[in-house]
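Student: Sequence:
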Amino acid sequence: MFEEHTRWISKGKAGRSVELGVPLCIVEDQHQFILDHRIMWKGGDVDIAVPLLESCLKAYPDIAVCSFDRGFHSPENQKRLGELLETAALPKKRRPSAAERRREAEPTFANARRRHPAVESEINNLEQRGLDRVLTRGAAGFERTVGLSILAANLHRIGLIAQRRERKRLDRLRKRGFRLAA
3 MFEEHTRWIS KGKAGRSVEL GVPLCIVEDQ HQFILDHRIM WKGGDVDIAV PLLESCLKAY
63 PDIAVCSFDR GFHSPENQKR LGELLETAAL PKKRRPSAAE RRREAEPTFA NARRRHPAVE
123 SEINNLEQRG LDRVLTRGAA GFERTVGLSI LAANLHRIGL IAQRRERKRL DRLRKRGFRL
183 AA
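When we follow my numbering, the leftmost residue of the sequence shown carries the number 3, and every step to the right adds one.
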């Protein structure tokens, strides 16, 4: 609260009208690994969408579909993201026109939007990995905490995948009749 980089964040959601902090934007793949992030020291979602996606496309050129929150929408972003991706699921901020509703009803757009809640759960995951209450001081400490939280979330995801594989392997052995020690 007393840090110079902290600012008021108005989310427009029920419960908390404003929060103190610094907005963070993440890019997540289909396996729920965080590929890239940006700390928005200045500006908002509208300003970061295209530069963040361009940097992701340099590292991961196979990205074809991406889903965004309404806060990222602007006519310029709609146009530029449409040029960069096969499907840019970028819903309009306010009430959509008939043409917008038709575009948002297309199967590729709808499929991309269905995957979007995974990003919201990943944000909650980051809060569980240290971003709920940042105790480091200064902007450099905040950046370090963000990086470590993302690393922890990705390592946790690897652990979950390894556990799932081991569980499947053990289930296959049990089906074959092997008795495993508990």
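Quick caveat, the hints were computed from the structure, so don't treat them as lab data. Worth double-checking, as some hints may not be accurate.
What the hints assert, rightly or not - DSSO-like, lysine-lysine: derived pairs with alpha carbons at most 30 angstroms apart:
hint, residue 1, residue 2
1, Lys44, Lys95
2, Lys60, Lys44
3, Lys60, Lys81
4, Lys81, Lys44
As the structure is a prediction and not an experimental result, all values here were calculated from the model.
Student: A separate judgement is required for each hint: does it hold in the structure or not?
Tutor: Results of checking the hints against the structure:
Of the supplied pair hints, the one linking Lys44 and Lys95 holds, its CA atoms being roughly 21 angstroms apart against a limit of 30 angstroms. Our distance criterion of 30 angstroms between C-alpha atoms is met by Lys60 and Lys44, whose separation comes to about 24 angstroms. Restraint check for Lys60 and Lys81: the C-alpha separation of about 19 angstroms stays at or below 30 angstroms, so the hint holds. For a cut-off of 30 angstroms, the pair hint linking Lys81 to Lys44 stands: about 23 angstroms separates their Cα positions.
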